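Single-letter residue listing:
4 protein chains.
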Amino acid sequence: MKKNYQFELEFKVRDYECDLQGVVNNSVYQNYLEHTRHEFLDTAGLNFAQMYEQGILAVVARADIQYKYPLKSGDRFVCRLNTEREGIKYLFYQDIYRLPDEKLCIKACITTVITIGGKLKVLPEFDKALSI
Amino acid sequence: MKKNYQFELEFKVRDYECDLQGVVNNSVYQNYLEHTRHEFLDTAGLNFAQMYEQGILAVVARADIQYKYPLKSGDRFVCRLNTEREGIKYLFYQDIYRLPDEKLCIKACITTVITIGGKLKVLPEFDKALSI
Amino acid sequence: MKKNYQFELEFKVRDYECDLQGVVNNSVYQNYLEHTRHEFLDTAGLNFAQMYEQGILAVVARADIQYKYPLKSGDRFVCRLNTEREGIKYLFYQDIYRLPDEKLCIKACITTVITIGGKLKVLPEFDKALSI
Amino acid sequence: MKKNYQFELEFKVRDYECDLQGVVNNSVYQNYLEHTRHEFLDTAGLNFAQMYEQGILAVVARADIQYKYPLKSGDRFVCRLNTEREGIKYLFYQDIYRLPDEKLCIKACITTVITIGGKLKVLPEFDKALSI
Chain Z
1 MKKNYQFELE FKVRDYECDL QGVVNNSVYQ NYLEHTRHEF LDTAGLNFAQ MYEQGILAVV
61 ARADIQYKYP LKSGDRFVCR LNTEREGIKY LFYQDIYRLP DEKLCIKACI TTVITIGGKL
121 KVLPEFDKAL SI
Chain G
1001 MKKNYQFELE FKVRDYECDL QGVVNNSVYQ NYLEHTRHEF LDTAGLNFAQ MYEQGILAVV
1061 ARADIQYKYP LKSGDRFVCR LNTEREGIKY LFYQDIYRLP DEKLCIKACI TTVITIGGKL
1121 KVLPEFDKAL SI
Chain R
2001 MKKNYQFELE FKVRDYECDL QGVVNNSVYQ NYLEHTRHEF LDTAGLNFAQ MYEQGILAVV
2061 ARADIQYKYP LKSGDRFVCR LNTEREGIKY LFYQDIYRLP DEKLCIKACI TTVITIGGKL
2121 KVLPEFDKAL SI
Chain F
3001 MKKNYQFELE FKVRDYECDL QGVVNNSVYQ NYLEHTRHEF LDTAGLNFAQ MYEQGILAVV
3061 ARADIQYKYP LKSGDRFVCR LNTEREGIKY LFYQDIYRLP DEKLCIKACI TTVITIGGKL
3121 KVLPEFDKAL SI
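Chains as they are written, first to last, in the numbering used here: chain Z, 1 to 132; chain G, 1001 to 1132; chain R, 2001 to 2132; chain F, 3001 to 3132.
Treat the hints with care, since some could be wrong.
In silico lysine-lysine, DSS-like type, Cα no more than 27 Å apart, as pairs [what the hints assert, rightly or not]: (1) G:Lys1107 <-> Z:Lys89; (2) F:Lys3072 <-> Z:Lys72; (3) Z:Lys68 <-> G:Lys1072; (4) R:Lys2107 <-> F:Lys3119; (5) Z:Lys121 <-> G:Lys1121; (6) R:Lys2103 <-> R:Lys2012; (7) R:Lys2068 <-> R:Lys2003; (8) Z:Lys89 <-> G:Lys1072; (9) G:Lys1107 <-> G:Lys1068; (10) R:Lys2121 <-> F:Lys3119.
Coverage of chain Z stretches by chain G, computed from C-beta distances (three or more under 8 Å per stretch; other residues unrestricted) [to be verified]: (11) 28-42; (12) 56-67.
Read the hints as simulated data drawn from the structure, not as lab findings. This one's a predicted model, so the numbers in the text were calculated from it and none came from an experiment. Glycine included, every Cβ here is placed at the ideal spot set by N, Cα and C.
Take these sequences, add in the hints, and give me the full structure.
In structure tokens, the structure reads:
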């Protein structure tokens, strides 16, 4: 049975994202994961850049990324996510699947916190946006 | 008491590594960690690019990165590491400290495996190089 | 009157592409331009990664990029191109326009050459693909 | 006879900077050039990030980069520069040489302008710093 996700975003690997091993460099997946989170938040009415300008910082506290299968030049893929709140932590469970065969490539858990004026906060708008 | 490390490498933050929050982007720390591992291996006589050309792939299986404190434009810092073998897994414990105040910024554990011709291997040269 | 182009590709700025000035970093435009060229070539039946594996290298000899207007977080834009051959040089005239207002952001001329076995070549398939 | 330069900075290629052709990706040279300019300005008492916070923007108006020879994994190199003012434009002539053989790899001219509150300015401190 296919897992349910709250949000997904499609991408295509760009050649400059590949390294000398001919596959997407490990650090680039964090770019994919970040862009997916920001697009998700934006869809939910929370724009990352605007929040920053208002002094609301969404900060990554921990990134735990399992590399299951490498993506290569030209591969299409989808980045899917689910969210959860654990006290003051917002967890993003993010998985990357290659298309069209749905091969699991990345399984990640990104822990974020929100700070306003340098203080950790739970943000009601964030809870609402994340349907938590 | 200061922890002992097997290897360390000094860096300075470059402005293009900072994002719109004015701090080093989360993905860039993986670049720092990777470069430090590759320099460590190179010092031990194992060149990453040459291994790749010989069909020996050192592959990251998991990256678990705790973001403790952000680095900013112009910050100097040092990336230190220790290694350990756990069955077929080579673990790199990698910490980043800001200089000169030794503030802990990143605490990471990078799990790597070695594949030769697509098969997982324990490499005696690797064990020796890592003094495991 | 609107200029005619041989190919165009749409993008959206990703937050990690912006630097501490809050705009897309200058080097990132080269990524956009490269990806557009590679997608154009791919559409024409010339896959960059496959050419590389066959020993056919498309190499940038010169990049002349005029920065007319900066792109920001969340901006949508289109990268358009025209091609021309000048002796052994393939020129890509590439312009980036912000969407939906068609504001000109980048005006570039990228000069590329093809080498096979280290020697400069004119490639009939390339001429055909580029409709030159 | 060796050319004279106002400033130089040494680097070493990092593996993540190389792309699937096994050489430094074209866009990465702009990172090297930018970092060298910023270090040069910093040495002259003009910190890029601080200027930005004060509303003084140093902006690239044009980058003209000739790719003479590719850098590879592990290569050491030096980025050298000279400056010149032409009306309101500050020109940075920047060349990259591989070490230790001094092979010319990049020959670039980067045109920058300074804006304060959105208006183009000639900045006496800038002239002084650049010894123009």
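Going through the hints against the structure:
1. G:Lys1107 <-> Z:Lys89: Status holds; Cα separation ~18 Å.
2. F:Lys3072 <-> Z:Lys72: This hinted pair holds, its Cα atoms lying about 21 Å apart.
3. Z:Lys68 <-> G:Lys1072: Between Lys68 of chain Z and Lys1072 of chain G the Cα gap is close to 32 Å, so the pair fails against 27 Å, i.e. violated.
4. R:Lys2107 <-> F:Lys3119: holds (22 Å)
5. Z:Lys121 <-> G:Lys1121: Distance ~46 Å between Lys121 of chain Z and Lys1121 of chain G Cα, so the pair is violated.
6. R:Lys2103 <-> R:Lys2012: holds (15 Å)
7. R:Lys2068 <-> R:Lys2003: Holds, at about 17 Å.
8. Z:Lys89 <-> G:Lys1072: holds (24 Å)
9. G:Lys1107 <-> G:Lys1068: Holds - the C-alpha atoms of Lys1068 of chain G and Lys1107 of chain G are around 7 Å apart, at most 27 Å.
10. R:Lys2121 <-> F:Lys3119: Given pair Lys2121 of chain R, Lys3119 of chain F is violated - Cα atoms ~47 Å apart, limit 27 Å.
11. 28-42: holds (count 4)
12. 56-67: holds (count 10)
Checked against the numbered hints above, the structure breaks hints 3, 5, 10 and satisfies the rest.
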